[in-house]
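> Chains as they are written, first to last, in UniProt numbering: chain A, 1 to 192; chain B, 1 to 392.
Among these hints, one or two may not hold up.
[Said to hold, decoys possible] Think about it this way: if two alpha-carbon atoms lie no more than 30 Å apart in a straight line, the pair counts; the simulated DSSO-like pairs of lysine-lysine are:
#1 A:K163 / A:K115
#2 B:K270 / A:K74
#3 A:K137 / B:K270
#4 B:K259 / B:K114
#5 A:K163 / B:K214
#6 A:K137 / A:K115
#7 A:K79 / A:K114
#8 A:K61 / B:K259
#9 B:K259 / A:K186
#10 A:K157 / B:K114
#11 B:K313 / A:K157
#12 B:K214 / B:K270
#13 A:K137 / B:K259
#14 A:K163 / A:K114
#15 A:K192 / B:K333
#16 A:K157 / B:K333
#17 A:K79 / A:K169
Source of the hints: derived by calculation from the structure; they are not laboratory data.
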Amino acid sequence: MSSRQGFYRCIPFMALLLAASVAWAVPSGSAAPNAGTPVFVTTAGQSADAHAVKLLLDRSKIASGYDAVAEADKISGSKTLFLVMGGSSKGLGAAGMNENDEIVRVTRVLEKAKKENIYIVGIHIGGESRRGALSAKFIDLVAPQCSYIIVKQDGNKDGYFTKLGAKIKIPVTVIDETLDLVSIFKTMFAVK
Amino acid sequence: MIRHTEEKKTKALLSGRAGSILVAAGLIALFAYAAFTFLGMRNFEAVPLGSGVTRTGLLSEYFPALKGSAGDTEVFYLEGSEPGETVLCLGGVHPNEPSGVVAATLLVENAQVKTGKLIVVPHSNASAFSYSTPGEATPMSFTIKTDWGEQEFRYGSRLTNPIHQFPDPDVYVHYPSGQLMSGNETRNLDRSFPGNPKGGLTEKVAYAITEMVKKEGIGLVIDMHEARLMNPIVNCIITPERALTLSSLAQMDLESSTKEPWHLEPSPTKMFGMTHRGLTDATDALAVLMETGNPAMDYPRGPTTEKLIVEGKDEFYALAASRGLLYVPYSEKGLPLQHRVARQLAGADKLIRVFAELSETGDSIVVEGIPSYEDVETYGIGHFILKPQQER
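Pulled out of the complex, with its shape left as it was, chain A reads as follows (with noise of 0.2 Å):
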């Protein structure tokens, strides 16, 4: 059996456990997370940890878009907006366009979600290293906005985001490793 294998096959166990931890980590009183598909995937920062969410929801097997440097008219017609957050000096060069660049578009995109009522989901996967000052320009620009928020433990070590899901009232769910997306992709989505 290879390790693919083992891991699609831990999909069914790895879901019960990350939908208890959904649970929990709703704040009490504020709604379950409510998103549905088509899905577009996009960075705010430019790091390549959109790709790699991008790849889980194809696993998963939820229809979803991805364009690293997408325009807001791209996301027209999603009903979720996933916005990975993490700023990476290196992707902005890939990208050609410095920050600046970066936070219009990506103050775009958040306008043109809000406008047509897409479902905001606010992603960061890239732990400490994506917490510098680079990167927190994204975070405080994008994580306010949004409706629900997925963190790996170690990028909210100092509890930045919880606390902030606690002060706007909006669900924060801490996972341990970017796997642990799959689980919360099915649950949010319902897909079996």
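Please arrange chain B on chain A, whose structure you already have, making use of the hints.
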């Protein structure tokens, strides 16, 4: 009276001359020792051949102009009984980043290829192994305790030895992009890809490696590096767009299996010269670069000693970590070389496995025997280092 004074003068002169001679002799001895030690760095450790090595060669076989130069270096081939994909692992592109050098050495000594071919170059910039960085007071070598004794590894410099490539231009113009960089980057192998057959020694080495990738039909290049702890580009896989799926799958699996942070960094498309960019653009290969955190590379540190390189402990890093200034987890255990080599080997192993899974046949390259992350952490690097049988 006059005679007495002259005698005193003569004595003083003689005594002064004797002193001068003594000082001169001392200096000559010191210079001789320094020269002997310095020249000794040109002979670095031979890599013992593991049973998986099917042949060895030289980099100059791919670019004969390199033959006999300080840039020529040994290439190790580990071939399976079944044909398949070919993977290249590079160590020592920067010889002051030892986890890549040691990991490459352990691949040569331990890996067994069943299908396909693994090519390993542990000392990619051989010239840069021949001296330590001027002004940095770094040790010239470090020692690893093994099951049979001690093995010394050369600790070189980031750049090609200026004795072998001199002088640096005021501005380095990368070939063929024309990108401008600071002059000393002309001796940085990781700013020289895809190389230039008519360039300086470093560009020639890069050119030879690019030729090797083309001629061997290499599908995946894994370049093993280390980075500063205060640099966000650490504990990561730097990946070009073509390798994003490969790297993403490997990164997630590695994070899950090692319980360690791993993240991806995109390879900038307009920043030229690095292996991941230069080889990806110039060949059909997917070229990725892994970075572990090396406590001997950043500046908030105490003396740069062998102990720091091997054990990775430094009180100033501990302080920096407590203030949230580092981009890697740093506990009282430090960041030992053992841990960094374990990461490199786990990364190489996972990248090769995912590369094979993504291929059409699914088993295009099968490599066994790479020391696992858990085993290197449990038994140490030394457990996997072979005893040199003879000078080669």
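> Decide, hint by hint, whether the structure agrees.
Against the structure, the hints:
{"no.": "1", "hint": "A:K163 / A:K115", "verdict": "holds (26 Å)"}
{"no.": "2", "hint": "B:K270 / A:K74", "verdict": "holds (25 Å)"}
{"no.": "3", "hint": "A:K137 / B:K270", "verdict": "holds (24 Å)"}
{"no.": "4", "hint": "B:K259 / B:K114", "verdict": "holds (29 Å)"}
{"no.": "5", "hint": "A:K163 / B:K214", "verdict": "violated (53 Å)"}
{"no.": "6", "hint": "A:K137 / A:K115", "verdict": "holds (23 Å)"}
{"no.": "7", "hint": "A:K79 / A:K114", "verdict": "holds (11 Å)"}
{"no.": "8", "hint": "A:K61 / B:K259", "verdict": "holds (26 Å)"}
{"no.": "9", "hint": "B:K259 / A:K186", "verdict": "holds (23 Å)"}
{"no.": "10", "hint": "A:K157 / B:K114", "verdict": "violated (43 Å)"}
{"no.": "11", "hint": "B:K313 / A:K157", "verdict": "holds (23 Å)"}
{"no.": "12", "hint": "B:K214 / B:K270", "verdict": "holds (22 Å)"}
{"no.": "13", "hint": "A:K137 / B:K259", "verdict": "holds (28 Å)"}
{"no.": "14", "hint": "A:K163 / A:K114", "verdict": "holds (23 Å)"}
{"no.": "15", "hint": "A:K192 / B:K333", "verdict": "violated (43 Å)"}
{"no.": "16", "hint": "A:K157 / B:K333", "verdict": "holds (20 Å)"}
{"no.": "17", "hint": "A:K79 / A:K169", "verdict": "holds (21 Å)"}
Of the hints listed earlier, those the structure fails to meet are numbers 5, 10 and 15, in rising order.
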